[in-house]
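Q: Chains B, C and D: place on chain A using the hints.
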Amino acid sequence: MAEIVTLSEAVRELVHDGDTVALEGFTHLIPNAAGHELIRQRLRELTLVRMTPDLVYDQMIGMGVARKLVFSWGGNPGVGSLHRLRDAVEHGWPAPLELEEHSHAGMAAAYAAGAAALPFGVLRGYAGTDLVARTRVATVTCPFTGEELSAVPALRPDVGIIHAQQADRRGNVQLWGITGVQKETVLASARSIVTVEEVVDELEPRPGAVVLPTWVIDVVAEAPGGARPSYAHGYYDRDNEFYAAWDGISRDRATFTAWMQEHVLGAVAA
Amino acid sequence: MAEIVTLSEAVRELVHDGDTVALEGFTHLIPNAAGHELIRQRLRELTLVRMTPDLVYDQMIGMGVARKLVFSWGGNPGVGSLHRLRDAVEHGWPAPLELEEHSHAGMAAAYAAGAAALPFGVLRGYAGTDLVARTRVATVTCPFTGEELSAVPALRPDVGIIHAQQADRRGNVQLWGITGVQKETVLASARSIVTVEEVVDELEPRPGAVVLPTWVIDVVAEAPGGARPSYAHGYYDRDNEFYAAWDGISRDRATFTAWMQEHVLGAVAA
Amino acid sequence: MTATSEQPLTFTSDEMMAVEAARRLANGDVCFVGIGLPSVAANLARRTHAPNCVLVYESGTIGAKPTKLPLSIGDGELAETADAVVSVPEMFAYWLQAGRIDVGFLGAAQIDRHGNLNSTVIGDYDSPSVRLPGGGGAPEIATSVADVFVMLRQTPRAFVEELDFKTSLGDRVRVVVTDLGTLEPRDGELTLVRVHPGVEIDDVRAATGWELAVADDVGVTAPPTDFELETLRALESKGRE
Amino acid sequence: MTATSEQPLTFTSDEMMAVEAARRLANGDVCFVGIGLPSVAANLARRTHAPNCVLVYESGTIGAKPTKLPLSIGDGELAETADAVVSVPEMFAYWLQAGRIDVGFLGAAQIDRHGNLNSTVIGDYDSPSVRLPGGGGAPEIATSVADVFVMLRQTPRAFVEELDFKTSLGDRVRVVVTDLGTLEPRDGELTLVRVHPGVEIDDVRAATGWELAVADDVGVTAPPTDFELETLRALESKGRE
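Residue numbers (my numbering), protein chains in the order written: chain A, 1 to 270; chain B, 1 to 270; chain C, 1 to 241; chain D, 1 to 241.
Just so you know, the hints here were simulated from the structure itself, not pulled from any lab data. Because the structure is a prediction, the values reported are computed rather than measured. Just so you know, even glycine gets a beta-carbon here, dropped at the ideal spot from N, CA and C.
Facing chain B, from chain D, some residues (calculated, C-beta under 7 Å):
(1) GLY63
(2) ASP83
(3) ALA93
To spell it out: a stretch of chain A is covered by chain D in this simulated footprint if at least three of its residues, at any positions, have a beta carbon under 8 Å from a beta carbon of chain D; those stretches are:
(4) 23–34
(5) 73–84
(6) 89–103
(7) 115–126
(8) 180–191
A few chain D positions that, by computed beta-carbon distances, are all more than 10 Å from chain B:
(9) PRO51
(10) LEU71
(11) ASP126
(12) VAL130
(13) ALA146
(14) ARG153
Just chain A, with the same shape it has in the complex (with noise of 0.2 Å):
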């Protein structure tokens, strides 16, 4: 049964120096309200997993909260870099970052992998790219017909988060829209935060929802607004301006740490 926590305990609670954790949200309901707490929590050491890793990302590679990233794709969706992620890989900027990137397919097939307890996943893919001498991908060859195909290692992360609508009382939870890689992100992970809009008296079935029962969540915790300047479906829209804004904000190191300074370790968790 999960238990239904504030922010800032589920994070204390859950989370420690070193742990390797994934917040996911495949381009929506991205959970930057719980990245903003890691980086007031000041964690550090941390293995970053997101196949998608965007501003909360950047905010959280640019506080020092990382160690390494485990990844597909990292930009900013339709308007460019990540500066910050950049200035880490680049320059060490504020530390150096170890990366480990896969492509997507790889990466949903890890994940898959891992919410199955299956130690590897397997696709066809990764082959001829320079891709394979820079990640961890192996070679399986099909018992069947022989032939040779891409295994990538699951993913089991210490701690999953995730964003969702609702949950009820008892810490059932429910998303809908585009619902991604999130259900086997709380699966295959050995701990889990759902951080959601509202909690509600019941849930009341949704098309295309993906429900979450209780007894595989460790916590929940409200977080209205969590997702922005993502969105959440049915509760508020992607802040497109704010995604602009943070090029600008995000190119330069000081101008970047007075504004998480204001806005991010400033604030209050919920």
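A: The following block gives chains B, C and D in isolation, referenced to the frame of chain A:
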């Protein structure tokens, strides 16, 4: 784009003697009408695939449609044995029936591999059982951990047949309730037939629904009541009395044959 | 079999089996349930001491809360009352294989002293005297759940020295509840630990096809309480509606 | 660049690129679409000659019918208008890998003469001069769709003799639409087959970092029709709302 045709046209165009044909619907939406049409068109030498062969498979086997059965549990749920299946296996009547049997987990993984166009599926299963010597299963070794796991060859039927509640006029299909392995069946098969309760102007999105776009389906055929005596969530209930009655009808070869003559061969296709 | 004289209600051996199995479920256990006696036991537990027991059916329904006994693991009410309905491949990969299920119930045609089960054939595989339905979910249930509960009526034909076919492994079998008593593994062998009211140890020996190990401290199963029995009968009469 | 005098409307090179790419899509094609120019091209095709073109976004939306240009592949309108929304693992396994997609659009920072693409790093991998976003869906899109369409502005820095990193393979690249013209593979090498109106072959050569193969029969791209251009502009102005 799926063509909307009659059930008899669907079977005539897509199913040929000797084909491997999967009729799926896990405990719900079992494509009985389509199975009856296979019998009426006197198809022969089929390799029939289904996780849970029940009444309609008993009927097809008893009528000599099948050369081989690929399955994981073959019985009359809550009632007992399938007498026609047993007669074929135990006494070769009306013809010997080759068996390839799996566990549910193995067959589900084989369908999922087929849907993903992978040559094999991986699971932690079968090990230590006598099934290993009696079915198609092999060992794969995880290239990262060295763990040995089971591999099953992908299921890629020539024809996949399912029953759904609704299609729209363009041939998009929606099913809901317990959706089983039907998506995988259509996606794993070279050709596909979907029978539906009704063709509607517009598919209304429903909680828990699976939608299959028209361009992954070959033909859609209207077959109201096409899952009876199984049920169609939102349309009609399971005819539990018929499941019980089938035990008596199917026990004796002559009674069975007479029943089939009257209720299936004598009936006209939808 | 009838109840002891202390009990106001008499009960059948099937009722004793269901009650005894239900008692083994802890509140909050996540159970993989089939149809028949296991479904009766799990639903009884939910209505008595274990209201938070989570019922998972292999048809894909997670957290089903049926108001009457399902006749098939695919009954519509299971989907309607479930917290979530998932596909069958997802059920076996993400839920069963991943080790999320505490208790799995299994039945069979044959069991051996190690709890290995046969639900495949009686006789030779290639020319069986009885072709049984087959393994279904059993092979992986037996190795993926934490605890396997077996429910099986005890006869020498079912409790055999050697299985005709090994469909699933006994490694995780924690209890076998029969119509005569309760067996648990001790030192790697199923051992009689309790007889049901009115049953003698020799009755159980006679119903077992191998030389049955018997615990030093064999007890007698507490007969069904009135509450258990009334709840069970209400449940079963609803199932027959 | 401006239109020829026969055209009543002038157009930009980006508009020419979008129009030319859109024309390559056949009605009914199932397209894997990213954001930016590919999304513009695919949505333009759906509003002109290919209304039954099926848009699949890697976020999981199948058959999306956006009324305005999405700013992210995860825009809510994509889910709302889609025939089906699936999980990301399902999208890559059951839909992309299974070969159900006819056309996949790719962009990149670098391309070589074989259509191999780099979207990973400029410079050395371990100490890059520019760390790019990375492969994303590209490695498997490039090998799983029937036809890869590349859209890329043509400069010597982008069209290079040797890639700094090979992110995806060029085997299935059927066309490269640039702001200067159109290249297609001939005898295993990307070859200039058409220049856009007002562009000289030597302009294209100068914008290419290798010795560009030029077809004997290089044509001139038909300029955007008024209908194409008006539709495109209506689409883009909606996207900016």
